[in-house]
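K.L.:
Start from the sequences and build out the full structure, keeping to the hints where you can.
2 protein chains.
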Amino acid sequence: MSEKTPTQQVSEWLAALGAALERGDAEGAAALFGDDSYWRDLVAFTWNITTAEGNARVRQMIEQAVIPMKPSGWQLEGEACEAGGVTEGWIRFETDVARGYGHVRLIDGKAWTLLTTMTELKGYEERRGPTRDRGVEHGVHPGRKTWLEQRRQEEAELGFLTQPYVVIVGGGQGGIALGARLRRLNVPTIILEKNARPGDNWRKRYKSLCLHDPVWYDHLPYLPFPEHWPVFCPKDKIADWLEMYTKVMELNFWGSTECKRAHYNNAKQEWVVEVVRHGKRMTLRPKQLVIATGSLGVPNMPSVPGMERFTGDLHHSSQHPGPDGYQGKRAVVIGSSTSAHDICAALWEEGADVTMVQSSATLVVRSDTLMERVFGPLYSEAALKAGITTERADLTIASRPYRTLPALQIPLYAEIKRRDADLYARLEKAGFQLTFGEDESGLGVMGLRRGGGFYIDVGASDLIADGRIKLKSRVRVERIEERSIVFTDGSALPADLIVFATGYGSMNGWVAQLISQEVADKVGKCWGLGSDTRYDPGPWEGELRNLWKPTHQEALWFHGGNLYMARLYSLFLALQLKARMEGIPTPVYGLGPVHHMA
Amino acid sequence: MSEKTPTQQVSEWLAALGAALERGDAEGAAALFGDDSYWRDLVAFTWNITTAEGNARVRQMIEQAVIPMKPSGWQLEGEACEAGGVTEGWIRFETDVARGYGHVRLIDGKAWTLLTTMTELKGYEERRGPTRDRGVEHGVHPGRKTWLEQRRQEEAELGFLTQPYVVIVGGGQGGIALGARLRRLNVPTIILEKNARPGDNWRKRYKSLCLHDPVWYDHLPYLPFPEHWPVFCPKDKIADWLEMYTKVMELNFWGSTECKRAHYNNAKQEWVVEVVRHGKRMTLRPKQLVIATGSLGVPNMPSVPGMERFTGDLHHSSQHPGPDGYQGKRAVVIGSSTSAHDICAALWEEGADVTMVQSSATLVVRSDTLMERVFGPLYSEAALKAGITTERADLTIASRPYRTLPALQIPLYAEIKRRDADLYARLEKAGFQLTFGEDESGLGVMGLRRGGGFYIDVGASDLIADGRIKLKSRVRVERIEERSIVFTDGSALPADLIVFATGYGSMNGWVAQLISQEVADKVGKCWGLGSDTRYDPGPWEGELRNLWKPTHQEALWFHGGNLYMARLYSLFLALQLKARMEGIPTPVYGLGPVHHMA
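Sequence lines, in order, name chains P and F. Numbering of the first sequence is given in the working numbering, commencing with residue 1 and proceeding in unit increments. Numbering of the second sequence is given in the working numbering, commencing with residue 1 and proceeding in unit increments.
Simulated from the structure, these hints should not be mistaken for laboratory data. Positions of the beta carbon are idealized from the N, C-alpha and C atoms, including for glycine. Treat the hints with care, since some could be wrong.
Unchecked claim - Covered, in the sense of this in silico footprint (three residues per stretch, anywhere, with C-beta under 8 Å from a C-beta of chain F), are these stretches of chain P:
id	segment
1	126-135
2	141-149
3	204-212
4	221-229
Unchecked claim - Below 35 Å or equal to it, Euclidean Cα-Cα: the simulated DSBU-like pairs (lysine-lysine) are:
id	chain 1	residue 1	chain 2	residue 2
5	F	K329	P	K122
6	P	K385	F	K385
7	F	K247	P	K145
8	P	K329	P	K280
9	F	K522	F	K122
10	F	K472	P	K145
11	F	K204	F	K280
12	F	K194	F	K329
P.N.:
Have a look at this one:
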């Protein structure tokens, strides 16, 4: 075996897998996997987003989901390679109804990880390049409609004379990316957004806000940012891009439209969605409903005794307008994650007297360090130069089972701790409570588990470390007075501005508001992996709860996450919706029980 | 010599050229060129758009323009190749102040064609990829302005508190593409457009209008159309793209702004440009003025006796709204080029009674034929697949001296004539006057010589061939009656609609209107090559008159052409403007005399 090239190894392994699956031999196929192995499937076989962990579960998936989908055409794409005992390669395959792409890692000739993803449905391929639309129909067609007339007709009729197949609630980058995918698959879709214009969800945030993820990580589907786009995009610039994208991708974007209620009509198998559009009530009846209001759901605003008597400005970070007008004022920001740091730094720059109140430990990583050690290998100029396209980078991340991430990340963050030891020492000296996650597995894993609790340092940490932003730590807010805030340790701070940078509740809080508590409970908590850590109770689920996959409410879906997730997973969600629209059977494998309500 | 590989040949030739130039040996350098040879330089050496033809002129250019710019670093990029006795390769080089890229063709070891283009000015390189802006400045900066604040400040101040370096008159695709190039080079620029929104120049055209050039030929700089963009883009879709491009490229686009007058203040070396913006008069004082109102200048509306008494609708094609409302009406369209055919076909589809009046021969080529035989090798899916990028395709065209084009194109159009003989026979049978150019050199050359006189057939020709669009040929309009039009042969046609699809005057018609007849005469005719054909009188100029290069009016420039030209030549014009702004010496070589006023 050691004489075979990596390419030969992977090719032979694929041939063996293909042969076993073709003859319906689940046992034989499972024998090609190690005891400690993972098969992660994104739609292609399971019509779900699911990871089978361990040989027994892999075998079960093979038997119940893979073999029935009649896979074929397993082949290596390009060359395989080997490093550190792991042989890996990119693979193609087909099923009865679809084409797929994936990735495999072999150790000692057996699969450690296998990723299979659906790329397109046969007969419903996106038209691009050689198959792109011609635009003008040559020849002459009496009564033909121009492009503009067709768009105007659609705008006039969809939602009125005809109903969309999908309604997406939420027109941020998630809803917009998904809308673009559905457009390319010819699925009639309306995106509902309470703000007036695409991008407003960014425009309305505090003025210093920028993306903290670098540009190479942030592209939308189909239309990447140009080469001169800044590394960290200011909020208004991303807002303009989203607005432009929505227009040129021909999305049916209903701004100034608030979603009031929705319920599922089981008999008719459709949703009844009551909206108020530009002040006018109307009803939409889509077959499928996608909640894309943000992986950060309803703002979490604590109820503190005395809030109503405060005479200064008081609001949640989601309502914070920015530092203008607060020069010389006393600002107290409750919280210590991203929003809190950004808001404190901006207030300090404006000349306010700023105190951050930290009640629990926060993960801090320097942006430059993250860029170099975490993003660098996959999302950077160097990565592009090495031939790692956005698609390859996305699927590389997707190929790493969630269960394996802590083991990968713990050494990395140990190194980060050493590398930036100076900053961390200075922060701790100032009283800041640091964490690198309960198991030291760092930012990415923390994001998956709880969606927050971290700060990518773009400058605020220095201000805290040297006391220019004052810090109160290890206390909670007890009550609020007319012009001050009193803490659990008895101390008090005068304040002209109080910002609660206290995060957001679960996405299914929207479901409770929009649909019903019953449906919210039926569907359960969104996000998190079941890691049995403080904010992410077990049991282990192996995938993010409820995102981009069937839920326990018929025809209800969730879409969210950062720009990487919006880009990558929008494809898989769109394919699931398209299949249902076209009447392609979608037998879902692995729809697990709901363990937590919220 | 025949044993050397193409790569060796070109490398050695480049080395010899570099050595001769370095020692100032113009004779030695010229000896490397054939008697029949061409050196086309786009800015790099001549600070002009110019072609030296024949060994003597090449030697003169070497002596007077190339050697003084201190070229160095001549090298082949990639491999050279050989076909049909011609060895060619892509080359890089530098000068004292710039970097360049080009192409060479050798026959029997000597240069037949050499193209040198400037790609960037040293010290003023566009920031992209690894050098892109970071966006957010890490660290904290008291009083920092956000991106939005900076944009708003610029919008408030440029043209008011501070003056732009460049004003571009005309916000079509030409002005917009140039504006984007100048933005990337940090040249403060304002684009003036009389219509309200970017793209309106397209929106306002007749409703069936689409681009007749295929998508691969049409990309704007920096942000190519996505892969699913239609081959032939409908007018409103290109309009939306231009509007969004203008926004995301952060251009200072002043819509609803009419340019009233401009004059050059020699003492202050600046233009005084009087505009009316949203109804309000104001004055701009740029150093440089670019006329980008369209390679098709002022509409050419003939004066026909009796026009004023016509009781139906009468207008130039540029004012034609489209066919709506003309069902069952009698339409007479004067002209037989692109607009005439498009308008006739749309009217016919609507159910009007349509007659085209042709007074001179027209070049007709089927769109599919053009796609396959003309665009296909350079601008198509197949070309992309063969590794021909847009940039390579653009420079391939640029590398072919205009003098050599007829010889290349005549056999091609002879083949096209044979291939589509059936259509041409049917057209001639219907009375249509066909031409392939005075020397049968076809559409591209005709476009360069006269900017019109052709139709890329997307369906109207069939309607003419079988009489569904009626044709009156070989007549002119003599007079117009109240509800009819009378021809020089005495015949008459009743009419409810008369459209003069009679083309446009020279670009310098705008100059006469905006600046003065004196300056218009000083600058002379725009466009055309001096081919000594009917619409393009000699003497031979070798380049398009006045486009993208210094003119005889200090600080006055012209930018125009189709989307390919807007894309490619905007770079060279932008570099010339940037160099002047930065005080880099720009000794212009080859600014020839004006031979024609208009």
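K.L.:
Evaluate each hint against the coordinates.
P.N.:
Comparing the hints with the structure gives:
| no. | hint | in the structure |
| --- | --- | --- |
| 1 | 126-135 | holds (count 9) |
| 2 | 141-149 | holds (count 8) |
| 3 | 204-212 | holds (count 4) |
| 4 | 221-229 | holds (count 6) |
| 5 | F:K329 <-> P:K122 | violated, 48 Å |
| 6 | P:K385 <-> F:K385 | holds, 20 Å |
| 7 | F:K247 <-> P:K145 | holds, 29 Å |
| 8 | P:K329 <-> P:K280 | violated, 42 Å |
| 9 | F:K522 <-> F:K122 | holds, 34 Å |
| 10 | F:K472 <-> P:K145 | holds, 29 Å |
| 11 | F:K204 <-> F:K280 | holds, 24 Å |
| 12 | F:K194 <-> F:K329 | holds, 33 Å |
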